[in-house]
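Chains as they are written, first to last, in the working numbering: chain U, 272 to 760; chain F, 32 to 555.
No lab work stands behind these hints: they were computed from the structure. Treat the numbers as computed from the prediction; the structure is a model and nothing was measured. Some clues are possibly wrong.
[Stated by the list, open to error] Once the Cα atoms are required to be at most 30 Å apart in a straight line, the calculated BS3-like pairs of lysine-lysine come out as:
id	chain 1	residue 1	chain 2	residue 2
1	F	K440	F	K330
2	U	K629	F	K194
3	U	K629	U	K432
4	F	K473	U	K629
[As the list claims (entries may be wrong)] Under 10 Å between C-beta atoms, here's a sample of chain U residues computed to sit facing chain F:
id	residue
5	L482
6	A485
7	M662
Glycine included, each C-beta is placed from N, C-alpha and C at the ideal position.
In case you want the letters, here they are:
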Amino acid sequence: MPSGISPSDFYYLLPEILLTAGALLVLVADVLLPRGNRLLNGLTLAVLGITLASLALFTGTDREIANGLIAVDSFALFFKLIVLIAAVLTVLMSDRYLRVEGASPGEYYFLILCSTLGMMIMAGGIDLITSFVGLETMAVSFYILAGFIKPNQQSNEAAVKYFLLGAFSLGILLYGMSFLYGLSGTTNLRVMATMFVGQEGDPLLVLAVILVVAGLGFKIAAVPFHMWAPDVYQGAPTPVTAFLSVGSKAASFAMLLRVFIEGVPSMNADWRLLFEGIAIATMTLGNVAALTQTNMKRMLAYSSIAHAGYLLIGVVAGTERGVAAMMIYLMVYTFMQLGAFTVIVMLRRADVVGDELKDLSGLNVRHPFAAFAMLLFMLSLGGIPPTAGFMGKLWLFGAAIDSGYVWLAVIGVLNSAISLYYYVRVVVFMYMRTETAASTPTTTPALNVALALAVVATLGLGMYPRQLFDLAETSARSLGVAAVVAVVQ
Amino acid sequence: MSYLSLILFTPLVGALAVLLINRQNENAIRWIANLFALAGFVISVPLWFWYNPQNPEFQFVERLPWIPSVGAEYFLGVDGFSALLIMLTTLMGSIAVLSSWNAITERVKEYYLFLLVLQTGMLGAFMALDFLLFFLFWEVMLVPMYFLIGIWGSSNRLYSAIKFFLYTLVGSVVMLLGILALYFHNYNVTGVYSFDVTQFQTLDLPFNLQWWVFLAFFLGFAIKVPMFPFHTWLPDAHTDAPTAGSVILAAVLLKMGTYGFIRFSLPILPDATHAFVPMIAVLSIIGIVYGALVALAQKDWKRLVAYSSVSHMAMVMLGMFALNPVGITGSIIQQLNHGISTGALFLLVGVVYERRHTREISEYGGLSKVMPVYAAVFLLMTMSSIGLPTLNGFIGELLILQGVFVASKVWAAVAASGIVLGAAYMLSLYQRTMFGKVENAKNEGLADLSFREFATFAPLIVLAVWIGLYPAPFLTRVETSVQRVIVRVSPEYSQTASSEGSDGQVAPSVMPTPVAVPLAAAAE
């Protein structure tokens, strides 16, 4: 095995390199262009756009680079696409928000790009070390971003809470990883998989799996590792919350799939059982807790916990169909969740926080398009056709039935029925209450673009999901799901 | 564009047109909405003439790939049953739009928008032969109806709207699991991913699977019908919905449930159907009697009509689950009748509600003196609802009782008592509101039906008399639809039916095949 990195590896790392260079450029530009708020926003968008475009070079590529540290395959590509789209939408809604809050944009955009970089590495990492470095890059950026609005006490509280609990969970994850390394003698997930064949009964391996599940469970905010989510989501700056709930979740799911399906497929009986229990608890608790929330950000936090539960159904199914369904759902979720947050950002004005449910009262009168968009996102989150959320849920539950987890699907659909109660309540406030307590929502071109993108995707992917389905299916195939299936049989 | 798609999307185009008009310009919105609703009906009329009752296949078939990787298709087609329901939908849709002219004065633009989108949803559900597409349209109906009740409804609208929404939603998501179970089973058997309903109708499913899938479908469809004990959303939704909402709900939305049973549950799951007959018969009989008794006790005009719906739809279900050709034919005809007469009864409540803003029966009395034309229309529709010979209700009830009698004499006896009770509550309603002296001073100056209002009733009167006197064209149109069900559920009947043609064997021609040669070719 050749040691070191070959020159061609740099080519395959092009998106990551572009993003890093762009992030540094933003940092420099911030010093050189004082008060260049809008310019920095544009620059960040350009960096993300170029990175997004560079992904096109690697369609169909399937290889390991950097000595087996990183994989460049369709699976990674799909997740990179998701996190970059999420980053673009987040940056689009950030400009307005930062100006209202009076926060300095330079470090903010730098950190957004850094966390995106971390997510991209998580998507490609097939080595515990790489994955962990990616995870840390993302997490540390988010610790700072969560507390970015310095004068705001809630924001500070969110940051401290996220940091303390996050550090703790990373410790657990690392502990689990050290077991995996100790038992297999390698950190490469694909090599590790071959070492563990026939070791299913090893109690230490079971312990390692449990620890890794706990560590990653924290990142995806699965019950019982979800405690941080509502407070952090509510306290963090709204665009950060949005990015945290989508980008961080998608990347963590990518890592989770890599670790369990590529790294320890032989233990699938154990981790499937664990995830089955966690999925049921997560869906149910998330939805039930969301029922009573009156703060939109907090409600979306619980709803995002519930969505982690739905997504775990795909992991439990453990099939190619399950993985593809998760990928479809994460893509769809990106648009609907970020769309909903865009509306909340629109409601933020100097004198109005705008994230309470009552701030949405009569939105239909004040801003019909924002209200219609929010209606779509709520229906989509609840899984009502013809929105994209329906297609996503359909294939998640379909995957469960296909793998014989019918009860999981039943619990899933009943949960989505429960969830509609609180999603529809938002609609009631927007359309059926006429008192308009808060002021007119702001619209800037960037916010409008973000909203329009989310609306078009939510409707378009709901009515004509053909391309997305094809893409997800090919991408899921490049993950070594076959190994799980082979072990099962 | 093909014919069914044209019918399907006309209301949607109307909705887009309404969207483009300035919301201040309310009359323009009204005109455009009426125009498109009427156009929707006019476009659907040729369906009556172009549909070939002799052809046992689905007609006017359109088939395009939709999501090829999972085998979902844009697959439309109709048989006699769905063709009639489609025409009922376009007719009731245009009537509902027309009836709203003066009733809706707030947020006019959104109102017509939702009404037209709802129309497309309903039409799509009756046309779709791809199960996923069907489910899509089925759910699309939910949101506009929710808004219609929740925004333009009366006092308790928010409660009624969310109750309607969640009730139907729980049913339909469980139904979705049933669809997925069929989908994967079909793949395991044939190796092809497909949601093709006509393909599902040829599968011989293991009983266990049939049983569970039937249960899942039952929950979805029975809540929509609604069958006792899932009916509790209906009186609330009906009472609080605006007039047009009640009309659509009664005339078309409830038919979704019975349509679902006849199109999907019975032919796809014949063995489970037989297994569930006792349960459904008992629930239907309870529904018939209970609905009628509760209707007798109502003080609210609209609630009375709502409970009469529960009773009548239970009769439809009982006829269907007699599982013989006569019963199923009666069930289908009675669905149309229920749409016509109950739709008209809700319109009638709407007319007086618009004038007096109360639905209390005791507030009225002696209206026949001040509103003679209104009283005449009401009388005709009351008679149609209780099944007086020469009117439509009689034909449906006669066929249903005939079919039920063959299946069980006890059921028939109880069902007949439902008809007697039906006459009791409808006639007492008529007596309390129309006859006697005008005791309430507020009723003295009430205006009789305007020309616009009469126009909403005229087609329903014509239909009620037509089906009552000469039902043959309707019966011939549903023949093949009934055969499609019978061939799967009760093949013994289909043998006698086709004995002339093929010496006692099940006629292969009545088995549906995916590719029909539609008469539409001539129409295009």
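Hint-by-hint comparison with the structure:
With a C-alpha separation of about 34 Å, the suggested pair F/K440 and F/K330 falls outside the 30 Å cut-off, and the hint is violated. With a C-alpha separation of about 22 Å, the suggested pairing of U/K629 with F/K194 holds against the 30 Å cut-off. A threshold of 30 Å between alpha carbons decides the hint, and for U/K629 with U/K432 the separation of about 27 Å falls inside it, so the pair holds. Using a Cα cut-off of 30 Å, the hinted pair F/K473 and U/K629 is violated, with the two alpha carbons roughly 41 Å apart.
For U/L482, the shortest C-beta to C-beta distance to chain F is roughly 35 Å, which exceeds 10 Å, and the interface hint is violated. With its C-beta approaching chain F no nearer than about 31 Å, U/A485 sits outside the 10 Å limit, and its interface hint is violated. The beta carbon of U/M662 is positioned within 10 Å of a beta carbon in chain F (closest approach about 8 Å), and the interface hint is therefore held.
Taken one by one, the earlier hints fail for this structure at numbers 1, 4, 5 and 6, listed in ascending order.
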